[in-house]
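**Q** Each chain, letter by letter, is given below.
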Amino acid sequence: MSRSLDSLLPALVGLAGLAAWEAAVRIADIPPYELPAPSAIALELVTDGDLLGRALLFTLATTALALAAAVLGAGALAIMFAQSRLLERSLFPYAIVLQVTPIVAVAPLIIIWVDNTLVALLICAWIVAFFPILSNTLIGLKSTDRNLVALFKIYGASRWQELRLLRLPSAMPFFLAGLRISGGLSLIGAVVAEFVAGAGGRESGLAYRILEAGYRLEMPRMFAALFLISAVGVAIYLSLAALSDRLLRHWHESATRDEE
Amino acid sequence: MPPIVSLKDISKRFANGTEAVGGVSLAIRRGDFTSLLGPSGCGKSTVLRLIAGLTPPSGGTVAWTDARASGGRPLGFVFQEPTLMPWARVLDNVLLPLRLAGARGPKAENQARAALARVGLEGFERSFPRQLSGGMKMRVSIARAVVTTPLLLLMDEPFAALDEITRLKLNDDLLALWRQQGFGAVFVTHSVFESVYLSNRILVMSPRPGRIAADFEIDAPYPRGAEFRLSPEYASHCAAVSAALAQAMAA
Chain A
0 MSRSLDSLLP
10 ALVGLAGLAA
20 WEAAVRIADI
30 PPYELPAPSA
40 IALELVTDGD
50 LLGRALLFTL
60 ATTALALAAA
70 VLGAGALAIM
80 FAQSRLLERS
90 LFPYAIVLQV
100 TPIVAVAPLI
110 IIWVDNTLVA
120 LLICAWIVAF
130 FPILSNTLIG
140 LKSTDRNLVA
150 LFKIYGASRW
160 QELRLLRLPS
170 AMPFFLAGLR
180 ISGGLSLIGA
190 VVAEFVAGAG
200 GRESGLAYRI
210 LEAGYRLEMP
220 RMFAALFLIS
230 AVGVAIYLSL
240 AALSDRLLRH
250 WHESATRDEE
Chain B
0 MPPIVSLKDI
10 SKRFANGTEA
20 VGGVSLAIRR
30 GDFTSLLGPS
40 GCGKSTVLRL
50 IAGLTPPSGG
60 TVAWTDARAS
70 GGRPLGFVFQ
80 EPTLMPWARV
90 LDNVLLPLRL
100 AGARGPKAEN
110 QARAALARVG
120 LEGFERSFPR
130 QLSGGMKMRV
140 SIARAVVTTP
150 LLLLMDEPFA
160 ALDEITRLKL
170 NDDLLALWRQ
180 QGFGAVFVTH
190 SVFESVYLSN
200 RILVMSPRPG
210 RIAADFEIDA
220 PYPRGAEFRL
230 SPEYASHCAA
240 VSAALAQAMA
250 A
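These protein sequence lines are chains A and B, in that order. Under numbering that gives the first Met the number 0, the first residue of the first sequence is numbered 0, with each subsequent residue one higher. Under numbering that gives the first Met the number 0, the first residue of the second sequence is numbered 0, with each subsequent residue one higher.
Extracted from the complex, chain B is given alone in its bound form:
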């Protein structure tokens, strides 16, 4: 399958001289769930921002295969915080990407309602973000990211601030959404366990400057459930990824 987007020898040096990313090449395929795993400050968020076009690379190229990519990029982005507009109701927050693309009226609204239903939030359309819990706000954020049926969903440690119970539930719901919509997913995290559970591919990054230190295929079949977390296969993947992470940090 051709990649949705490929990065070739991407480097990023900030104005203050920090070399955040040094020579990263990777291709994101449709249907892949790729985790970027690494310690804080290893440039994994920067890689995400480079893919999203939020910051230009200092060297190398970001190439999109799909023609749609030339205009507005066919991607959704989920930040570490829910990043909702606090003055707008839940439905209007989810409608935002459609509105910005010039879509309005009942068709767009139905699309937004459907996206909210997919993340389990029907009935909360008229609520304001402040009336929701942290987990529910994150669900709104995910609904907003998938409402345009993007080719690629970029997520920057979206569940890092949530409690364990909420996080595990959101992991499962995210996987279900991914299998249902078939977008390519890039998930930045610093949790080995989370990355092994979610991904079929894990890229371990080493810090300063950020490079890809190891590339794992996690070939366990989906759907994955609670039993996968308890399986010896899961444990051995976690052990291997942890070892690679420790090595990357020592290097």
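This is chain A alone, in the form it adopts within the complex:
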């Protein structure tokens, strides 16, 4: 009951908002280059479906690849840091430097240095996305129950056994929390990089279409691309939340339900 209400209420609010927007545009007779009506945006999504679809795929691919690379890279780094205090102390500060430097400031350099647009965008998105996974997973790997660690020691577990059977599973909720943040960030990273690349005339995904439509005052297309970016963001969030729920539902408080 309350669950169906959970999706019904926001849907109603959204529909009401769209209706008010449509009505306002029609009544006040606002020209489409200032504010297009939702119907005009929807029409644009259909008529320019091909172009926008290709842009959508490009942005989606960049985001997904960057997130996958962030999972692999940050996961591996976190495991290495957890195994070696020396490595962590020498390298972690640079991870922080990379994290706190605004990507807009670095992106032009990367785009100049790297010829392949996709690779350049991937690097930018990766830089933005890897840190939450790294720092969360690292904390997770280090917050293993001390008594369980002692138990593994008593039974003479190897480092590999301890990592695989104990540290990785107990870091899983932390990793998944980082993954949710990184999912959104990898999209932001990809979009920012597309803008920077687009400003230099390199064609890419949805953000490039927004930039282009802005130059040409094609507001419906701009809004349509914007809508698609939001949709990608929501889709990423929902699928990562579902993944996290699925992996943790048997044991972690964040995902278990009371009525079992």
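One should not assume that every hint holds.
To be verified - Below, a list of computed lysine-lysine pairs in the DSSO-like style, where the Cα atoms sit at most 30 Å apart:
| # | chain 1 | residue 1 | chain 2 | residue 2 |
| --- | --- | --- | --- | --- |
| 1 | A | LYS141 | B | LYS136 |
| 2 | A | LYS141 | B | LYS106 |
| 3 | B | LYS106 | A | LYS152 |
| 4 | B | LYS136 | B | LYS168 |
| 5 | B | LYS106 | B | LYS136 |
| 6 | A | LYS141 | B | LYS7 |
| 7 | A | LYS152 | A | LYS141 |
These are calculated hints, taken from the structure and not from any lab test.
Given chain A's structure and the hints, the job is docking chain B onto it.
**A** Same frame as chain A, now just chain B:
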């Protein structure tokens, strides 16, 4: 009977300078149920961790008689909390010591099932720890500790967090398990009544630094039951141990 493990003049000083244990010598024999009794902070848990090899002694030696002891130690350990892996099913939690020793397949699984049956948990193999009560989690923890048929079972106040009814039941079940499997048991507790009921030997420890202040033999025969708790013999043992404990704390 030769001891399973002997501690000779063991002392332990932590990095912060605290002297937790100062000169403890004791021998744990096979078939003994030994309680380490003392107030909190008297170093009794530290003695347990020293026996388990979880922390090295600052002085003295821990000597194992059995040859098996040179490799993986033939011991089980039960912590104050159940200390189960929350992501693993009950059966997998009990299988853990066997898996870590490289045993797998149906033989190991049957061993784990048998251990669960011995603590009265058949039918809960597929459950997750969070679905169990505190007492049942502790039973899983005990099953895991005995699944390797250890020579020595070390227990660090395992029932301290449980309610009275559950604790009394677990006391009886633990004694039954001990008589059945014949391991040496070392049981850390701060309850005089619990130690007298369970043990045939009680070592009373004095705090800061931890030393053995008194050594009691409780020669009442096993199996012990509810009537033992009501017997004058039980009361007089409790009185003597309590007096020794009070003296150790005053010293």
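**Q** Does each hint fit the structure? Answer for all of them.
**A** Here is how each hint holds up against the structure:
1. A/LYS141 with B/LYS136: Judged against 30 Å, a Cα distance of about 24 Å means the pair holds.
2. A/LYS141 with B/LYS106: Cα-Cα ~34 Å, so violated.
3. B/LYS106 with A/LYS152: holds, 24 Å
4. B/LYS136 with B/LYS168: holds, 14 Å
5. B/LYS106 with B/LYS136: The hint holds at about 24 Å.
6. A/LYS141 with B/LYS7: violated, 35 Å
7. A/LYS152 with A/LYS141: holds, 16 Å
Of the numbered hints given earlier, the model fails hints 2, 6; all others are met.
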